[in-house]
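K.L.:
Listed below are the residues making up each chain.
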Amino acid sequence: MNQTLHTRRNFLRTSFLGGAAAWTVPVFLERTFFALDAVAADSTIQTATGRDHPILVVVQLAGGNDGLNTLVPYGDDAYYAARPALAIPGKEVLRIDDALGLNPALSGLRSLYDEGLAAVVRGVGYPNPNRSHFRSTDIWQTGSDSNRYENHGWIGRYFDACCRGEDPPAGVAVGKEEPLAFAAGDPNSIAFSQPAELRFNASKASDPESMDESFREMTSDTDTGGSIGALPGAKQEGDASDFLRRAAMDAQLSSDKVRDITSKFQTTAPFPSNRLGNDLALISKLIAGGMPTRVYYASQGGYDTHGGQRNTHTRLLTELDSALSAFLAEMKAQKNLNRVMVMTFSEFGRRVKENASGGTDHGTAAPLFVMGGGVKAGFYGKQPDLINLDKGDLIHTTDFRSVYATLLEKWLRAPSAGILRKQFPNLGFI
Amino acid sequence: MARFFCETKRLGAGYIRMETAIAPDRWKREHAVHLLSRACLGASPAEVNSALKSNPRQTVETLLAGDRDDDLFPVPDSIANKELYTALAERMAAVRNDPAAKDALMKEARQFDIRAAQELRGWWITRLRHSPHALRETMTLFWHGHFASGMQKVRNPRFLWAQNETFRAHALGNFAELAKEMPRDPAMMRYLDIAGSSAANPNENFARELMELFLLGEGNYSEEDIRQAARAFTGYRINPLTQTVSHIPRRADTGEKSLFGKTGNFDSDAVVDILLGRLQCAPFIAAKIWKFFAGSDPSPILAHKLGERFRGGGYEIKPLLREIFLSSEFYSPKVVGTQIKSPVQWLVGTSKSLETPLTGSRVEQDALKQLGQMLFEPPSVKGWDGGRSWISASTFINRCNLSSTLFLSRQSPDPARLFPADVRGSAESLYEAVAARMLVVRPTAKEKERLISFVNERGLPASDSTISDLLHLVMSLPEYQIT
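Chains D and A, in that order, give the protein sequences. In terms of this note's numbering, the first sequence opens at residue 4 and continues consecutively. In terms of this note's numbering, the second sequence opens at residue 721 and continues consecutively.
Chain A extracted, bound-state conformation (with noise of 0.2 Å):
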C-alpha cells in the first residue's frame, strides 16, 4: 500500500483540521487506475500510462482542464433544430378546431419527440463515453442525479437537453450559479411545477426539493420556510410556442418574503442566496459529491473539512474536485476498489478498457434501462440511489449477459491489437494481462486458478475465440461489478 503523509493539527478548541494529500513519490499504476475510473468512468491502459508518467497533481490539473469536445458531438437534428418543432407547433396551433386533425398531429408531435428521446440519450452516451473532457461529462452525470428531472414528467426532450447542457457549462464551474439557473430551467419547472406557479396559488414542490434535495438536507428548513420561499419561485412560464421562460410580473409574488430568519422581497435568486449561506449547505454538498466519488459517505471531520473549503472558496467547483481527489483519503483501502459501478460507468468504463466505441444505439440504451439507470429518466427527484440498489439477482445476470451482447459481438474489440502474440503463449500470461486491463478489484486465488484452466483447457497459443470467451468470463466476475 502507498505511504502518504499526514500531518493532523488542532485548530481552535474545535474540530481536527487534516492536511493529506496523496505523495507523489508513491504514485503506483493502481492509484492511476482508481482515479481515472472513477473521475472519468474508466481508462484505457495508454491513458494510465500517461497518468502515470506524470505526477498525481499535474494528472488532476489536466482532468480539471480538460479540452475542447462541443464541436466533437453535434446535437441532433431531432432537438437543436429549432424551426422542426415550431412548425409542428404552429401546425398544431392552425388545426385547433378540428379534433381529428388535433390528434393525428399529436400522434405525430408523440413519434418526433419519442425518436428526438432515443436521438438525446444516443447523444449522452457517446458523449460520456468520448469526451476529451470525460470529468465534465462525469460532472454533468452527477448533476443530472441531483438535480433531477424525467422525461416522463417533462414530455420535452429539448428540455432535457437544454439542462444536460446546463449543468454541462455549470458542471465545474461554480454551484451557486448552477442552483440558480435550476428555477429558470423549464424542465426543472415542469419536472417540479413550478410552470405557471402563480402568486395566487404558488406550488410548493420545488421550493421542497430545493430544501431537501437540492441544497440542505432533511430537516434543516421548517414547512414555514418552504411556503414562504415557493412565493419567489412564482410568475414564470414556458411559452409552449418559443420554449423560452417568461416572467409574467402581475403572476408573481413581489410581496415581503421571511425565512430563516431573515425578511425581505425576496426574489428566486435572493432566496436561493438565503439558502446557500446556510451552514448546512455546503457540507452537505461537498459530502454528496465526495460520495459519489468515492463510493461511501465521508467521515464527519472530511465532510466538515470539505464544505468550509466549498463554502470558503465560494461554492467553485473546480478547487473541490481537486482536494477530492489529491486526499490521501480519497486513495485509502475504504475507498479503493469499494465502489459498486453505475451501469454508466459499467458501460463506459468496459468500452474504455476494451478500446472499443460506444454508438449511442438502442442497444446500449436498452441495457442501461434494464440495468436500472435509463438517462433522463431517474427514478424520482431524489435520483438514482446508487450502490448496493444496483445489484439485484437479475442486474447481475443481466450484466454477465450483457457484457457479451455489447461488446464482444458486435462490435468485439481487436484481439490482436489488445492482446499481441507474446501473451498468448502462456494461459498465466494471458491472464495477467487480461486482469491487468480489466479488474481493480484482483480475483480470489480459485476463481484466477479456474480462469488460467480455463485458458489452458482451450490450447495454446490462445485464439482470439479463447480470448473472447476469457473476457466475458472475466466480465462475469462479482469482482468486474465494482471499482
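Same shape as in the complex, but just chain D (with noise of 0.2 Å):
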C-alpha cells in the first residue's frame, strides 16, 4: 500500500497545480489512503502507477458489422449461395486456413495475425438474440442476459469493484458522451472528443486566467468535515459534498493530465487521418503518457450496410485496419505492447443471406478481434454453421461475456464472477 500511497501523492503534487510548491494532501484523501490501508485485506482495489498495470482497450463497431464478410468462410458453398453478389471471392481472400480468411481489406490484421498479435473469437453472441441496435448496444454494453435491464455496465462494474479511491480516471471514452459501458455506481470515468472539452472554460470572461485560478483553488479546498463515503465496505450515502469535492478534483485532475500529455507526446506511428485513427492517436498519447487509466473506450460507426454494402463495407474495414494496425506499431514503439489489450466488438453481425439492395440486414452472432503483446493468436470458439440456421441467422458458439470474463480474469486480473453476475468460460486466447 505505501506504494500507492507514495504514487497517488506524487501524481497529486506533480500534475495537480503544474508541481506548484506549497501542496499538500487534501484531508480526505489522506484519510481515503489510511482506510484503504485498513480495508485492502479483503478487498479486491487494484492499484495502478500509470507504468506497469495492463490495459484494455475497446473499439466499438456500431451498426451491426457483417462478420461473414469480415471472417470470410471461403470453404464454404452455403457462404457463396446465400450471398451471389455480395461474397468475397476465394482467391481475394487473405487465407488463414482453408476454410476461413481475412476480408482483403484487413492485410494489417493478417500481418498482426501472422506475427502472433492477434486471435480472432469466432461466433459471438448471446442466447435469445435482439435484432435492436440500440437494444443490443445496451446488452453488449452491461452484458447482462438479453431479457434483462441493467443500467451500469460492464466496464463501470469493474471500477466499481476494482477501482474505487483510487487514481483518476479509470476509463477515458473518446467521444462526446460516455458508453453505457462505463456507467457506474460511483463513476470513475471521462469522456471527450478533444482534450480541450475538459477544462474549466471562462474564456468569455475579460480575466480568464483568474477565472481558472479562482476554480482551482475552490475545487482543491481540503476543508471538509464529513465522511468517505466512496470507500470499499464504506456507507453509499457518504457526504454528497465530500463526494462532490472529489470529483471536482478529480475532473481537474485528469483534465490537467490529458491536456499535459497530449501537448508533450507525440505518436511515430503513421495512424490514418480518419476518426478512429485520431481517436487512436490521441489514447496512444494518454499511454505514452502514463496515464492511470485500465480502459480506454472508441468508436467507430456506420456498419449499418442494408444497401450498397461493398463500397462501404470495404472503406470501414480499410479505416479500422488502418488505424489498428498504427495503434498496434505506436505500442510496439512505446515498448507497451506487452501490456495493451484490443477487443473490438459490434452490436450483431448480419443476415447470412444477402438482401435485394446489395446489402444485407441484422443478423446475430459474428467474429471478433482481441490484440495486442499478450494474446494468444490464433481461432477461439467454433466457426458457426451456415446451414442450420435461426430464422436466417447464424446460431451463437460463444458467448460474448466469456470474452468478456477472460479479459477481466486473464488481463485486468479482476474476480469476473461478481462482475457479469455469474462465471462464464474462460477462452484461452490470454
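In case anyone wonders, no lab produced these hints; they're calculated from the structure. As the structure is a prediction and not an experimental result, all values here were calculated from the model. Each residue gets a CB set at the ideal place from its N, CA and C atoms; glycine is no exception. This list has only true hints and no planted wrong ones.
Only some residues are given here: those of chain A computed to face chain D with a beta carbon under 7 Å:
| no. | residue |
| --- | --- |
| 1 | Ser1100 |
| 2 | Asp1105 |
| 3 | Ile1111 |
| 4 | Ser1112 |
| 5 | Ala1113 |
| 6 | Ser1114 |
| 7 | Ile1117 |
| 8 | Cys1120 |
| 9 | Glu1167 |
| 10 | Phe1174 |
| 11 | Ser1185 |
| 12 | Asp1189 |
| 13 | Leu1193 |
| 14 | Pro1198 |
| 15 | Gln1201 |
Make the complex out of the two chains shown on their own, each in a separate frame, by following the hints.
P.N.:
The structure is reproduced here in C-alpha cells:
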C-alpha cells in the first residue's frame, strides 16, 4: 500500500497545479489512503501506477458489422449460395486456413495475426438475440442476459469492484458522451472528443486566468468535515459535499493530466487521418504519458449496411485496419505492446442471406478480434454453421461474456463472476 | 437547526409509529428553500419569500393544489395535429408496392418524427420550468422515471407525449388508476413488447417489469406469477393508422389464471389489482417517492409508515406527498442539502434562481443529454439511477461550463434587477446576495474567502461582468451541484 500512497501523492503533487510548491494532500484524500490501507486486506482494489498496469482498449464497431464478410468462410459453398452479389471471391480472401480468411481490406490485421499478435473469437453472440441496434448495444455494454436490464456497464462494474478510490480516471472514452459500458455506481471515467472539452472554460470572462485560478483553488479545497463515502465497504450515503469535492478534484486532475500529456507526447506510427485513427492516436499519447487509466474506449460508426454494402464495408474495414495497425505499431514503438490489449465488438453480425439492395439486414453472431502483445494468436470459439440457422441467422457458439470474463480475469486480473453476475468459461486467448 | 416536535408511541406489539411534523413556528428560510427546491425543482427568491410568509401546511397545500396550466403550453403541431401523421400514414399505404417511393416517404416520416421528438422535449422543458403547477410537473418527471419508456424503441414521439399526459393527469391523483393505464399505454406497450402479445404467444417482458420494477420490487414474486400475469396482457394491439389501442378478443387469453394464490379469469385490471393488494406494493412505491424527494432511502420505520398511509388511503398520491413534505424527517440534516441535483433539477433550478426563462432550445436539450438525463430516453426500463451516478469528472466539468453557456451569455439574467446597486458596494454583501439566491449548501470558509477576494480584485462597485463571472464561479462550486 505504501506504493500507492507514494504514487497518488506524487501524482497529485506533480500533475496538479503544475507542481506548485506549498501543496498538501487534501485531508479527505489522506484519510482515504489510511482507510484504503485498512480495507485492502479484504478488497479487490487494484492500484495502478500508470507504468505497469494492464490496459484494455475497447473499439466499438457501431451499426452491426457483417461478420461473414470480415472473417470469410470461403471454403463453404453455403456462403457463396447465400450471397451471390456480396460474397468475396476465394482468390481475394486473405486465407488463414483452408476454410477461413480475412476480408482483403484487413491486410494489416492479417500481418498482426501472422506475428502472433491477434486472435479471432468466432461466433460471438448471446442466447435469444435481439436485432434492435440500441437494445443489442445495451446488452453488449451491460453484459446482461437479453431479457434483463442493467443500468451499469460491465466495465463500470469492474471500476466499482476494483478501482474505487483509485487515481482518476479509470476509464477514458473518446467521444461526446460516456458509453453505457462505463456507467457505474461511483463513476470513475471521463469522455471527451477533444482534450480542450475537459477544461474549465471561462474564455468569455474579461480575465480568464484569474477565473481559472479561482476555480482551481476552490476545487482543491481541503476543508471538509464529512465522511468518506466512496471507500469499498464504506456507506454509500457518504457526505454529498465530500463526494462532489472529490469529483471536482478528479475532474481537475484528469483534465490537467490529459491536456498536459496530449500537448507533450507525439506518436511516431503513421495513424490514418480518419476519426478512429485520430482517436486511437489520442489514446496512444495518453498511454505514453502514463495515465492511470485501465480501460480506453473508441468507436467507429457506419456498419449498418442495409444497402450498397460492398463499397461501404470495404471503406470501413480499411479505416479500421489502418487505425488498428498504426495503434499496435505505436504500442510497439512505445514498448507498451505487452501491457495493452485491444478488443473489437459490434452489437450484432448480419443476416446470412444478402438482401435485394446489395446489402445485409440485422443478424446475430459474429467474430471479434483481440489484439496485443499478451494475446495467444489463433482461432477461438467454433465457426457457426451456415446451414443450420435460426430465422436466417447464425446461431452463436461463444457467449460474448466469455470474452469479457477472459479479459477481466486473465488481463485485468479481476474476479469476473461478481462483475458478470455468473461465471463464464475462459476462452484461453490470453 | 429548527426544533421539531416529535412524539413516538408504541402501538400494539409491533412497530413504532411516529407522529411528527415540522412546527409552524420554526418555519425558516432554509426549510422553504429546501421544500421548493425538491418539490418544484427550484424557486426564485420571491417564491421563497411567499412560502416563508405562509406556514408549512399552507405552503404544501398550495403546492398540491397548483394552478391550471394547460392553456399555457400549447402542444407542438408535429405532436398534436393528428391530421399531419394520418396523412403521412395514408400516403405510406398508397405507395406500399413502390419500394423507391416508400423509401423516400420513410425518410420523410423519420425526419418528421425527429423534429417532433425535439419539439416534444422542448415543450416539456419549458413546462417543467414555467408551469404554475410545478409539483405536478415534478411528479410527472418521477413517473417518467418509474414507468420508464424511451424514444429509440417506441419510435413514436406522439406515443411518448400521450404517456407524458397520462403521467400528468395522474401525477397527483391515484396510483392504482395510473398503474392500470400502463398495459394499455401505446408507448409502454411498445417499450415492453406487449403490442401484439397474444394468447398463443404471450410476451412476458411487461409482466416481469410490472412486478420487479413498477409495483413490487425484486424477489416479491415467482417466475410462475410472471407467466400467469403475462397471459392477461394479451389481445391488445396498436392500430398503425389511427394510433389507438384496440382489443382483439380472439387474440386475448381469457382463460383461468392463477397467481399469488388467487385463481380466476383475470384481465389486465384484475392482475394489477392483485399486485396492488400485495403487502410489498405500497411501501415499495412510497419509499421510491420518498427517495426521489429526500435523496436517500427512508429508514425501514419510515418506509413502513408511509406505505401504511399510502395503502390505507387507497393509493391516493396527494396525502402521501403531504405526509412527506410535512414530516420532520424531510427537514432533518440527513435530508437537507444532501441531494445531488439531477440534470433536470440543475437546469430548471438554475433558471428559476436566475429568474431567466427556459425555451426548450436545442442547446438546453443537448445539455441534458450531455449531463445524462435526456428526456424521453431513460437509460433503461429502470429509469435513471440518480444520486452519485449523475456525477463523473466529465459531467462535473460539463455542468461548470454549461452553466455559463446556458445562463450567462445568450440569455443573460438581468444583473441590475437581481443584484441592485446597494449590494454591489462591498464584496461581502455581493457574495451574500449571490449565495442566498443560488446556494442551498453554503461554501467552505476557503471558498468564500476566494470568492470575496475575486470580487475585490475586480474592483468595486462590482460591474455586471464581475457579477456574471462570480455567478459562473459559484455555479462551478461542488456545493452548487447539491440541494
